[in-house]
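Chains as they are written, first to last, in the numbering used here: chain A, 1 to 294; chain B, 1 to 294.
Quick caveat, the hints were computed from the structure, so don't treat them as lab data.
Please read these numbers as outputs of a predicted model, since none were measured by experiment.
From the three backbone atoms N, C-alpha and C, an ideal C-beta is built for every residue, glycine too.
It is possible that part of the hints are untrue.
Here's a subset of chain A near chain B, in silico, CB distances under 10 angstroms, partners left out [as the list claims (entries may be wrong)]:
| # | residue |
| --- | --- |
| 1 | Gln24 |
| 2 | Gly26 |
| 3 | Cys28 |
| 4 | Ala114 |
| 5 | Thr144 |
| 6 | Met163 |
| 7 | Glu166 |
| 8 | Gln182 |
| 9 | Asn188 |
| 10 | Phe209 |
| 11 | Gln219 |
There are 2 protein chains.
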Amino acid sequence: MRWTEGFIAVDWGTTNRRAYRIDQTGKCVDEFEDHKGVLTVPGGGFPVAVQEIRDRLGDHPLLLAGMVGSNRGWKEAPYVPCPAGLDELAQKLVWAGDREAIVPGVSYIGNAHADVMRGEEVQLLGAVAAGLVDPMGLVCHPGTHNKWALLRHSRIERFMTVMTGELFSLLKEHSILGDLLQSSVAVNDAFKGGVRAVAEHETLPADLFGVRAKVLLGQAKKEDAASYTSGLLIGADVRIGLSQPFGAQVTVIGRPELTSLYAAAVKEHGRETTELDGEQCFLAGIQEIAKRIS
Amino acid sequence: MRWTEGFIAVDWGTTNRRAYRIDQTGKCVDEFEDHKGVLTVPGGGFPVAVQEIRDRLGDHPLLLAGMVGSNRGWKEAPYVPCPAGLDELAQKLVWAGDREAIVPGVSYIGNAHADVMRGEEVQLLGAVAAGLVDPMGLVCHPGTHNKWALLRHSRIERFMTVMTGELFSLLKEHSILGDLLQSSVAVNDAFKGGVRAVAEHETLPADLFGVRAKVLLGQAKKEDAASYTSGLLIGADVRIGLSQPFGAQVTVIGRPELTSLYAAAVKEHGRETTELDGEQCFLAGIQEIAKRIS
Chain A
1 MRWTEGFIAV DWGTTNRRAY RIDQTGKCVD EFEDHKGVLT VPGGGFPVAV QEIRDRLGDH
61 PLLLAGMVGS NRGWKEAPYV PCPAGLDELA QKLVWAGDRE AIVPGVSYIG NAHADVMRGE
121 EVQLLGAVAA GLVDPMGLVC HPGTHNKWAL LRHSRIERFM TVMTGELFSL LKEHSILGDL
181 LQSSVAVNDA FKGGVRAVAE HETLPADLFG VRAKVLLGQA KKEDAASYTS GLLIGADVRI
241 GLSQPFGAQV TVIGRPELTS LYAAAVKEHG RETTELDGEQ CFLAGIQEIA KRIS
Chain B
1 MRWTEGFIAV DWGTTNRRAY RIDQTGKCVD EFEDHKGVLT VPGGGFPVAV QEIRDRLGDH
61 PLLLAGMVGS NRGWKEAPYV PCPAGLDELA QKLVWAGDRE AIVPGVSYIG NAHADVMRGE
121 EVQLLGAVAA GLVDPMGLVC HPGTHNKWAL LRHSRIERFM TVMTGELFSL LKEHSILGDL
181 LQSSVAVNDA FKGGVRAVAE HETLPADLFG VRAKVLLGQA KKEDAASYTS GLLIGADVRI
241 GLSQPFGAQV TVIGRPELTS LYAAAVKEHG RETTELDGEQ CFLAGIQEIA KRIS
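Just chain A, with the same shape it has in the complex (with noise of 0.2 angstroms):
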């Protein structure tokens, strides 16, 4: 094993996967981003997906992540339970091949409250390693599924998924507000409403409903609804993020125009936060687990 060498990293989620091919000296020098997700492979059909990753970015070992070590994926990696820091994943690696690592999620159980990741870990875990994030720190990794995740010296002690993103998706593609939903989101006086409608007193599913109503009678822009019930959806999702008791900084780390979305809500609550690139973060995390592979 020449892992020392150079590897080829992979995060390989549902829908797409990202490989970045890391130099000897922690540099990525090439990288790549197709629609290639899990759900896309065929049964048996990994070793030709990461056939297809070799030929374009060369002839060494790999280090995956994400959704590939998942149960539709190409070999089930069990969740880490937490506390998990860097240490665990990297001793808990799954061997897909001699030179094919994956990545294991991690799980918490606790306070009548279960939950799992896949890959978030990668991203917040480097961000620590890298001094981006207070090892005590509050994240928070929107997405389909946004985390909540808090840290302890360094590793993460527990964690809360919000639905967010794959709710909005819903409603935006198949419910009655979906006419309403088509425009952008922008971080707007709407955007803002909905944060603070929700803040106080928790009736989303009625607020919900409230966009159309308000729309129908003349209360609100259509134009702005989308932006109104982002804020809705999203100061709901804070409001259970700040509300757990942690009182550290907030870090926000993702894609930038996911992250400006959640950074404005926390700032609704009169809290600050620093908004960190997922992808800068997850080469970071993904090199430090290299680093652990003897």
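With chain A's structure known, arrange chain B on it following the hints.
Same frame as chain A, but now just chain B:
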């Protein structure tokens, strides 16, 4: 006009219509139900769709309620603002023809909320007129969009719509929880557990993801997921309804398979309910409106 000699009452919704032949004594002597909801009627197709009803039930005056009075229906019947009772509805009937009257819906604007209903108002006010509901009571009307209505002196004082039924359908048909939600919902320990989970702390969008995580981590049985999820959604709904400053008797009106779920959730909150069949309430209400046609 000879409404005193009987008429046809039609509860014409988005996806279904139910028509009843009411004789001069107020008795329902014939009826039918089909799937010719408002959305299935082509542009300009209502005269034909109405003739079908008369072909089956006789050449009588028609009194129609529900989405048939919406902007996607036969003729728009503008919402009557709260407070609204049977007198207000009868005064604001919209005539689609000489012998075809449409009952308007009801709107509410206040407390930073806006809301609309169409069809439920006939059932709610019919139940009051029939002496089945406290004229100062709180009424819950489950369906795709559940309504909580506060009555004052036999009129609808204000109301709030909660998107519970539609959210459950979206999750069942299109979400990551879909495969877990295919079994039938029952009032069992899982359902009651869902109600209690959201009774104190409103973390619904997080608890929904937890449904999947709990099954993945062996903390819950897959066959309980549908009942538990229904408990979460109806529990959040009931928490909203009961958290209003309403202290009155709670009546649940609708289809028995839905009213039993809401009654059970209200009971978990320590409140008793009366359940009423929506169809009987509709017939009571629509006849009260017919009586007011001079």
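Hint compliance check: list the failing hint numbers for this structure, sorted ascending. 1, 2, 3, 8 and 9
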